[in-house]
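Go by the hints and put chain B onto chain A.
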Amino acid sequence: MPNLIKHYKKVLLLALPLALSACDDDDTREVIVEVEVPAPEPTPVDVSYEVTVVNLTNGQPVSPPAIVLHADGNLWAVGQVPSVELERIAEEGSSESFLTLGLASAGGDGPITPGDQQTISVTIEDITDAKLTIAAMLGNTNDAFTGINAWDLSQLAVGDSWTTTRPAYDAGTEKNTESAATVPGPAASGEGFNPTRDDSGFISMHPGVVSFDDGLSTSALTVEHKFDNPVIRIQITRTE
Amino acid sequence: MKRINILSAAAMLALSSQQSLAADISVEIQNLTHGLYFTPIAAVVHTPDASLFEVGEAASTELQMMAEGGSIDGITTLATAAGADMIANPAGGLLAPTMSASGDVMTTDGNLMLSVVAMILPSNDGFVGLDNWEIPTEAGTYTVLLNAYDAGTEANDELRGSGEPGMPGMPVPPPLDPLLGTGGSGVAGADTNATVHIHRGNIGDDSMTDGTSDVNNAVHRWLNPVAKVTVTVR
Numbered sequence: 001m002p003n004l005i006k007h008y009k010k011v012l013l014l015a016l017p018l019a020l021s022a023c024d025d026d027d028t029r030e031v032i033v034e035v036e037v038p039a040p041e042p043t044p045v046d047v048s049y050e051v052t053v054v055n056l057t058n059g060q061p062v063s064p065p066a067i068v069l070h071a072d073g074n075l076w077a078v079g080q081v082p083s084v085e086l087e088r089i090a091e092e093g094s095s096e097s098f099l100t101l102g103l104a105s106a107g108g109d110g111p112i113t114p115g116d117q118q119t120i121s122v123t124i125e126d127i128t129d130a131k132l133t134i135a136a137m138l139g140n141t142n143d144a145f146t147g148i149n150a151w152d153l154s155q156l157a158v159g160d161s162w163t164t165t166r167p168a169y170d171a172g173t174e175k176n177t178e179s180a181a182t183v184p185g186p187a188a189s190g191e192g193f194n195p196t197r198d199d200s201g202f203i204s205m206h207p208g209v210v211s212f213d214d215g216l217s218t219s220a221l222t223v224e225h226k227f228d229n230p231v232i233r234i235q236i237t238r239t240e
Numbered sequence: 001m002k003r004i005n006i007l008s009a010a011a012m013l014a015l016s017s018q019q020s021l022a023a024d025i026s027v028e029i030q031n032l033t034h035g036l037y038f039t040p041i042a043a044v045v046h047t048p049d050a051s052l053f054e055v056g057e058a059a060s061t062e063l064q065m066m067a068e069g070g071s072i073d074g075i076t077t078l079a080t081a082a083g084a085d086m087i088a089n090p091a092g093g094l095l096a097p098t099m100s101a102s103g104d105v106m107t108t109d110g111n112l113m114l115s116v117v118a119m120i121l122p123s124n125d126g127f128v129g130l131d132n133w134e135i136p137t138e139a140g141t142y143t144v145l146l147n148a149y150d151a152g153t154e155a156n157d158e159l160r161g162s163g164e165p166g167m168p169g170m171p172v173p174p175p176l177d178p179l180l181g182t183g184g185s186g187v188a189g190a191d192t193n194a195t196v197h198i199h200r201g202n203i204g205d206d207s208m209t210d211g212t213s214d215v216n217n218a219v220h221r222w223l224n225p226v227a228k229v230t231v232t233v234r
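So the sequence lines, in the order shown, correspond to chains A and B. Heads up, the first sequence is in the working numbering, so the first residue is 1 and it goes up one at a time. Heads up, the second sequence is in the working numbering, so the first residue is 1 and it goes up one at a time.
Calculated directly from the structure, the hints in this document are not laboratory data. Check the hints yourself; a few may be wrong.
[As the list claims (entries may be wrong)] Residues from chain B shown here face chain A by an in silico Cβ test under 10 Å; the list is partial:
| no. | residue |
| --- | --- |
| 1 | L32 |
| 2 | H34 |
| 3 | L94 |
| 4 | P97 |
| 5 | S207 |
| 6 | P225 |
| 7 | T232 |
| 8 | R234 |
[Stated by the list, open to error] Computed far set for chain A versus chain B, every beta-carbon distance over 10 Å:
| no. | residue |
| --- | --- |
| 9 | V33 |
| 10 | N58 |
| 11 | E96 |
| 12 | G102 |
| 13 | D109 |
| 14 | D129 |
| 15 | T164 |
| 16 | N176 |
| 17 | T177 |
| 18 | G190 |
| 19 | G192 |
| 20 | S200 |
| 21 | P207 |
| 22 | E224 |
| 23 | N229 |
Just so you know, even glycine gets a beta-carbon here, dropped at the ideal spot from N, CA and C.
The shape of chain A in the complex, shown without the other chains (with noise of 0.2 Å):
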């Protein structure tokens, strides 16, 4: 139940008594009375949007995108020390922790496959100047990820939608070994999230996968995995 005394509006009577025959000042009195009246309940808005993520790489699964709507500031950025929420993403692509980091939130449904997309719904009540921030991890890497960082939606009208692609980030939390051991994905099934963190410890652009057949004599990875920018496409839309 809602405290209730804040739908309450005060309202101001001010009360002249009607003396204006008499000439006597003394007989003129101001009488304020306050009195509090219910004011309607106001009924919550949905703001809803839309977002389609699309694979744009060769041979690098996208993980289930965590979508946050969060207020102002930043739940990662270039330069920052990473987040742990951030660093169970990029290292094994688990969103739990970080789809609890705003104001609302959704995350998708499974792994998004080279070639394939996904739309994933997200509403908020009443607030239509949230910032989204979207994150997913490239999963045959130590630590990529991809995304968005505190975009903000007062841009978007209901209807209106708005297209961008994305690079790939680096979350600087595991060297880029590219070994079996290390890269969760299916090209090596190796260890996912490890609370050591053994890089540069900043989140910063990503240098891209070597793979063995570029030179990489310790790494799981083939040309197949190799990627440029940009990695995903994203497109969203206010849809109420």
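Below, chain B alone, put in the same frame as chain A:
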């Protein structure tokens, strides 16, 4: 006497409104890469007919100095001669991966274009570049993403060597010294494209003692963009 005063006041007003064409701007450069360093940055605000580099054209000697060795002395001389305004070396040396550096400049009337250059390390003659970007007149914050270019002046052998223009190899300042290998045999000969062009990237190898390259292939590669420039017009 009074009339003259009024006239001179009008002249002053005209002068000040003309000066308002000049802009008070700040320029921030962020290194977006995972493992590259930028040498001292030159951010130059100049007239539309001036230029620090053009893709498809041979690099100037001054650009070559910057791209092969990280020295912006030549660029500074060019900028001064062209009456440009300049933010020189805002990072006070190397700009490490994901770090930012910024500077303010009051531009001179007529200097409407921003160009930015800095060498990328490790590389033979790679540089991050912004070429003649028109500074908006409306106050606000603007973002530009930059690519890595190859000056086309030196073979990309990816071996430790010299930063002197015309001398082979890569300069290796202290922070990079422990990260690079030795004893490489050399990756590539002279560039096929001897003009300024988009850099094809480092090849590198996974050996610290031999192989073809002294560059670490799991650390010193990159994909574009490599830098973000944020311009604030006040």
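Going by Cβ atoms, does E96 of chain A stay more than 10 Å from chain B at every point? 27 Å, holds
Classify the label on G190 of chain A as holds or violated, using whether its beta-carbon is more than 10 Å from each beta-carbon of chain B. It holds; G190 of chain A is separated from chain B by about 16 Å at its closest Cβ, greater than 10 Å.
Should the hint that L32 of chain B touches chain A count as held when the rule is a Cβ pair under 10 Å? 4 Å, holds
Does the no-contact call for G102 of chain A survive, Cβ to all of chain B over 10 Å? The claim holds: G102 of chain A sits with its nearest Cβ about 23 Å from chain B, beyond 10 Å.
Find the nearest Cβ of chain B to the Cβ of S200 of chain A and say whether that gap is larger than 10 Å. 6 Å, violated
For V33 of chain A, which was marked as not at the interface, is the minimum beta-carbon distance to chain B over 10 Å? Label holds. Min Cβ-Cβ 50 Å, cutoff 10 Å.
Test the statement that D109 of chain A is away from the interface with chain B: the closest C-beta pair must be farther apart than 10 Å. 29 Å, holds
Is it the case that D129 of chain A keeps its Cβ farther than 10 Å from each residue Cβ in chain B? The assertion about D129 of chain A holds, with a minimum of 18 Å to chain B.
Answer holds if the nearest beta-carbon of chain A is closer than 10 Å to that of L94 of chain B; otherwise answer violated. 15 Å, violated
Going by Cβ atoms, does E224 of chain A stay more than 10 Å from chain B at every point? 17 Å, holds
Under 10 Å, Cβ to Cβ, is where R234 of chain B needs to be relative to chain A, so tell me if that hint holds or is violated. 22 Å, violated
Using the nearest Cβ pair, does P97 of chain B come within less than 10 Å of chain A? This hint holds: P97 of chain B lies near chain A, its Cβ roughly 6 Å from the closest one there, short of 10 Å.
The structure does not agree with the numbered hints 3, 7, 8, 16, 17, 20, 21, 23 stated previously, though it agrees with the rest.
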